[in-house]
Amino acid sequence: MRRPLLAGLSALLVLAVGSCADGEASAPSSPASSTAAEAQADALDPATALEPYALLYEEIDADLAAQAAAVDASVYLAAPLLTAGPQAVIELGGDLRPRAVVDASGASLAALSASDDALVGMSRACLAESGGYGFCSRIATLDAAGADVDVSTEDLDLDFHTVTLDADGGGFWADRYVPVTCEDGIGPCEVPTEDGPLERILDCDVVHVRDGEPVWEWSALDHLGEAMLEDATTTLVYNPDDPFHCNSIQPDDAGTTVYVSMRHLSSVMAIDVASGEVLWTFGENSTDEALEVADPDGLLGDRPVLSGQHDFRWLGGDRFSVFDNSSEGAGVARAVIFTVAGGTATVDAVIEDPQGRGSRCTGSARPLDAAETFWAVSWGCSESGVSVMTADGREVARVTVDFDAAVERDLLTDVAAEQPDLGHTVSYQAVVGPRGLLG
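Under mature numbering (1 follows the signal peptide of the UniProt record, and there is no 0), residues -21 to -1, 1 to 418 are what the sequence shown spells out, in order.
Everything labelled a hint here was simulated from the structure, so no lab data went into it.
Do not rely on the hints blindly, as some may be mistaken.
[Said to hold, decoys possible] Pairwise CB distance ranges (calculated): (1) GLY110 / ASP383: 18 to 26 Å; (2) ALA41 / GLY415: 22 to 30 Å; (3) GLY308 / THR172: 37 to 45 Å; (4) ASP42 / GLY255: 44 to 52 Å; (5) GLY110 / ASP281: 41 to 49 Å.
Glycine is no exception: its CB is placed at the ideal position from the N, C-alpha and C atoms.
Build out the structure end to end from the sequences listed, making use of the hints.
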C-alpha cells in the first residue's frame, strides 16, 4: 500500500494554476522584457558564486549575452550532477550569469521541473549498480531554504530521469523502471546476447500521480510491438537488459496526449492517454507509427536521426524539440526542432554543439523565450557543459565543470572522477522558468 504525499502534493508544492496544463512555466512574450543593464546588474559574481561547486563561467559573445540577459526568464541547474559532496540549485540569467545559488548538498538531484511559481526536482535513491536509473527516487521542493525531500514519495517507486508538474499543484508525471522476469513470449527477453539468455529486463512505466496516488499508468512492454523492438536492436545504444530506458515525459495542455522519449529505442513518441496507443514516433524505427521525415535543408545530415536522445519537448501546437545526444559516435550533439503534420515530421532547425562533441548521456534543450530566439542547452555528459545558444547556432555563454579542480578537491563520485565525460556533466537538465523561483 502506498502512503499519500505529505499533506498532499498540492499543499506541499503550493502551486497556483499556470497557463500550461502540463505545469511547465510559460515562455515570456518578448526576448527583451527588461533592459540588459538591469538584468546584468542583478547577477552575482560568477567566479565567487560558482567556485564552491567547481563550476566555471565564460561569456562567448558580449552583445548576444546582453540581449539574452534581458529575456524575462531564468535557467535553473542542479550542479554538479555527479557530486560526492556539494551540489547547488542555481538560478542563472539568459546570459548564464548566476542570479541565486542555494546549497542542496545531500539531495542528489537529477531531473528538474519549473512551473509558474515552483521548482521541484527528483532526489535520486535506490540506484541501480550502474547508477543509470533509480527505483525509489523522491520529489524535492526547491526554494531559498534548499531542497525539501518528501520521503513519502519513495513508495511510488519512481526513477529520477523526469518529472513534470500538473499546473494545479495536485500531481505530476514521472517514470518508473520496472524489473520483469523473463518468460516465454516477452519480446525483449528473446533478443540474443553474448552472455546467454536474459533473466530479467526493465520495463518503462509512465505514471501520472494525483494527490499521492497513481491515476494512470502505461507500460512499454504492453504497448510496443515486436517491429519497433527489432528496429531498436540495430541502433547504436540498444541495451538488451534495459530495452526502453525512458527519460522524458510531458503531457499536452489537455492531458490527452503524452510525449515520451526512450533512449535505447533512439526514438520519441506521442501516446494517446485514453487508449494507450502510440500515435506516432520520430527517430530510428520504420514501423507503421513512424513519421516520414522531411529535411528540406539537409540539416540532419547523413547520420541517424536520433541516437540516445533526451528531453523530448512539446513546444505548443504542432512543434516539438528534442536533444539528440548523438551517442556512441553518431556525430555532434544537437537540438532538433521539428513540426508534425499529416504524418510527416519537417525539420525546422538544428542547433549543434559548437565545440563539435557528442554526448554520452543526459542533456536538454529549452527555448528561453516564446520567439525561440535563444535556447538553453545542457550538452549532457560532455566537456561542453551548458550553453545558451541562438536559434541559428551561435553560442552566447557557457558554464562548465572545472574537472581538474573537482578531482583535486574530491568533489566527484568515483566513477565521475575516473570517466571525464561523466565528470564534466554540469546538470542533468537546464530548465527554463520564471525569475525568482528560489526566493
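Hints, one by one, checked against the model:
For GLY110 and ASP383, the Cβ-Cβ distance of about 22 Å falls inside the hinted range of 18 to 26 Å, so the restraint holds. Against the hinted window of 22 to 30 Å, the Cβ-Cβ separation of ALA41 and GLY415 comes to about 25 Å, which satisfies the hint. Take GLY308 and THR172: their Cβ atoms lie about 21 Å apart, and the range 37 to 45 Å is violated. For ASP42 paired with GLY255, a C-beta distance near 49 Å keeps the hint of 44 to 52 Å intact.
Under the hint 41 to 49 Å, the C-beta atoms of GLY110 and ASP281, about 34 Å apart, miss the expected range.
When the structure is compared with the earlier hints, violations turn up for hints 3 and 5 and for no others.
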